[in-house]
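**Student:** Assemble chain W onto chain H, guided by the hints.
Line by line, the protein sequences give chains H and W. Going by our numbering, the first sequence opens with residue -2, and the numbers climb by one from there. Going by our numbering, the second sequence opens with residue 3, and the numbers climb by one from there.
If you're looking for bench data, these hints aren't it; they were derived computationally from the structure. Hints may be right or wrong, so weigh each one.
[Said to hold, decoys possible] Derived CB-CB ranges, DEER-like:
#: 1; chain 1: H; residue 1: Asp22; chain 2: W; residue 2: Ser376; range: 15 to 25 Å
#: 2; chain 1: W; residue 1: Pro212; chain 2: H; residue 2: Asp22; range: 44 to 54 Å
#: 3; chain 1: W; residue 1: Asn452; chain 2: H; residue 2: Pro68; range: 56 to 66 Å
#: 4; chain 1: H; residue 1: Asp55; chain 2: W; residue 2: Glu264; range: 43 to 53 Å
#: 5; chain 1: W; residue 1: Thr216; chain 2: H; residue 2: Leu104; range: 49 to 59 Å
#: 6; chain 1: H; residue 1: Val101; chain 2: W; residue 2: Thr216; range: 41 to 51 Å
#: 7; chain 1: W; residue 1: Glu318; chain 2: H; residue 2: Leu104; range: 34 to 44 Å
#: 8; chain 1: W; residue 1: Glu281; chain 2: H; residue 2: Val101; range: 32 to 42 Å
#: 9; chain 1: H; residue 1: Asp22; chain 2: W; residue 2: Asp246; range: 22 to 32 Å
#: 10; chain 1: H; residue 1: Pro68; chain 2: W; residue 2: Asp287; range: 24 to 34 Å
#: 11; chain 1: H; residue 1: Arg80; chain 2: W; residue 2: Ile195; range: 46 to 56 Å
#: 12; chain 1: W; residue 1: Asp287; chain 2: H; residue 2: Leu104; range: 19 to 29 Å
#: 13; chain 1: H; residue 1: Asn45; chain 2: W; residue 2: Pro273; range: 35 to 45 Å
#: 14; chain 1: W; residue 1: Glu264; chain 2: H; residue 2: Asn13; range: 32 to 42 Å
Where is the CB? At the ideal position from N, CA and C, for every residue including glycine.
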Amino acid sequence: MTYQTQVNPSEQSQTNMRILLIEDDLQAAGFLLKGLREAGHVADHASNGDDGLEMGRDGTYDVMVVDRMLPGRNGISVIETWRAEGVRTPVLILSALGEVDDRVTGLRAGGDDYLAKPYAFSELLARVEGLARRVEPEAAATKLQVGDLELDLLARKCTRAGENILLQPREFRLLEYLMKNAGQVVTRTMLLEHVWDYHFDPQTNVIDVHISRLRGKIDKNFDTPLLHTVRGAGYSIREG
Amino acid sequence: MRANLKVLNSSTFRMSAVYLVVFALSVGGILWYVYWNTAVLLERQTDETIRTEVTSLGEQYRQGGLARLLDTVRRRSAQESSRGIYYFSNQVGRRMSGNLDGLPADALGKSGWIEFPYEVRGTDDRRTHRARAYYTRLSGGFTLLVGRDVEELRQFAQLIRNTLYYALALALGAGLGGGILMSRNFLKRIDTISDTSRSIRAGDMSERIPLRGTNDEIDRLSQNLNSMLDQIERLMAGMREVSDNVAHDLKTPLTRLRARVEAALRENSKPAFKAALTETLEEADELLRIFNALLSIARAEAGQTRDQFAPVDVTEIVNEIGELYEPLVEDAGGALEIDAVDGLQVSGDRQLLAQAIANLIDNALKYAKPPEGSDKKLQIGLSATTIQGNTVISITDNGPGIPARDLNRVTERFVRLDTSRSEPGSGLGLSLVQGVAQLHEGELSLINRNPGLTAKLILPALA
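Okay, chain H solo, but in the shape it has when bound (with noise of 0.2 Å):
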């Protein structure tokens, strides 16, 4: 892997969004919310669990980062409470808890997604736009577009300029998946996580000759390639 020294792969794609972070270190709290602001958010900060459930409970921001262990009340007893109250903001879990059941506790408790200690920052970045878009109405969508690529999930049917492109059904779930993030950076990770539904760390670059073979079929034969490589961070399906 290779990184450019200032990873901000969100330049071009992402209105401002406004973010909570939840998270006792206030080291790591500060290069996070550097990060953040780089990327062109509005980041707020709360260093325990109490003051922060007091500022997530009016529901004003697009996405509430929430460490797990914190200080006073924990991560997950933050979640529920707002949960219960009707607090519907997507919510991160950082942890330094990794494992499957660990995971299972913090999505149950109502979090929507996990990101295990330590991690890279381009993968919370990722991870946190997405999440922002997950609460968009784009889930009844039957038909998805990025320029002339079209995906029909009802014909399970591929186009582009209207050619037709042949998929395998598990090259259609990752399109899928890509397109559903047009715009935004998906990780190798989150590929793993919601193509194939596993979490672990994959020691060699399996995810890449997938995206590779994709690219073949979608973009080789057009002059404008659409599936990018964001160095150091994944990939991202957009028009130019």
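**Tutor:** For chain W alone, coordinates are given in the frame of chain H:
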């Protein structure tokens, strides 16, 4: 003293003391019943006989006068066998008949029961027996005494009483002694367990509770405690090994990282900073990856997630992971052949099993790749089937295999064979597979096929 107190304070002793009291009460009751039905009853019968005889003699006196009474008393006194004691005297106290020399001194009243010693006649040596008698004054100033020798009766009663006391004493003694012995024995075994746990607390993990081989409840308890200790010791050894390895294998990259930052600071130029930071980030990522892998292995080996186990479709996992890796193998110029029997199920963790299979395919990709320019093609077989009730996932390659002397070593953490030093990787892949196998109460077996290697993940099938 303290040891004795401890015995008396033990629960076994308290329980046996309660039993002892109940036992002593019932023994006492039985013996008292026996005494009542023999000695007391016999005594009463004797009294009854005497009373009847007095009545009948009084009757004879009234009917036949003095002569008839004297005659009867004389006749009865002469009978040796009857053991009867008679005495008849006139108004001045002169003996007129009977086998007793004189009236006992304390027969002063009008009539009544008396007991007195008397000398048995007709035997060679003079023996004193006890007699029980009833005396009464008849009309005309005569005194009549009728009695029986109760020596034997008394001896019998004494015997029974003594038996009662001895039996009670014996029961109490035996019960008390037995209780103490039992408690002490029990206490000794409990103390053994306490001593063992104390020395383990003091740091000697090799200590185990000795077994008696009787398979009684304490033996079974000890056995369970011992196997618990074995497990703890294994885990502790694992922890120690991990920290040793972590210290060794993480220090190297950390030192490298530090040196690089230092060099960049010395050089003090923007491109140097940028290059150093980029490389530091990569290095940090690699360290984090190793760290995560280590944690996964440790948690898999500790068996912490076993309570989260659910029925898992192995066929599906094998097919999915196979499909995930197929393009990668093909890009490496090889072929991945997937062959999974339908409907294989185990109780387990889907994510960990998937990662184990992925690690094994990764290994095959890394180590079985034919050298550049060779016309040999990499062949990886991924299969899942049932063998002798177990679900067996096999990953077979046509590479060089693992040297026989290293087969047992490769599953240890951070072990990378010299031939693979140049390949990227942390040396943790097989350790995780091994940990996952153990977590599922299965095993990982590596078999050299000469050429090629088969890695078998053997898991107990869902019952």
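**Student:** Next step is simple, just say for each hint if it's right about the structure.
**Tutor:** Here's how the hints hold up against the structure:
1. H:Asp22 / W:Ser376: 15 to 25 Å: violated (51 Å)
2. W:Pro212 / H:Asp22: 44 to 54 Å: holds (51 Å)
3. W:Asn452 / H:Pro68: 56 to 66 Å: holds (60 Å)
4. H:Asp55 / W:Glu264: 43 to 53 Å: holds (49 Å)
5. W:Thr216 / H:Leu104: 49 to 59 Å: holds (52 Å)
6. H:Val101 / W:Thr216: 41 to 51 Å: holds (46 Å)
7. W:Glu318 / H:Leu104: 34 to 44 Å: violated (21 Å)
8. W:Glu281 / H:Val101: 32 to 42 Å: holds (37 Å)
9. H:Asp22 / W:Asp246: 22 to 32 Å: At roughly 29 Å between Cβ atoms, aspartate 246 of chain W and aspartate 22 of chain H fall inside 22 to 32 Å, so the hint holds.
10. H:Pro68 / W:Asp287: 24 to 34 Å: With Cβ atoms ~29 Å apart, the hint holds.
11. H:Arg80 / W:Ile195: 46 to 56 Å: holds (49 Å)
12. W:Asp287 / H:Leu104: 19 to 29 Å: holds (26 Å)
13. H:Asn45 / W:Pro273: 35 to 45 Å: Roughly 42 Å apart at Cβ, these two residues keep to the hinted range, so it holds.
14. W:Glu264 / H:Asn13: 32 to 42 Å: Given a distance of about 40 Å, which is inside 32 to 42 Å, the answer is holds.
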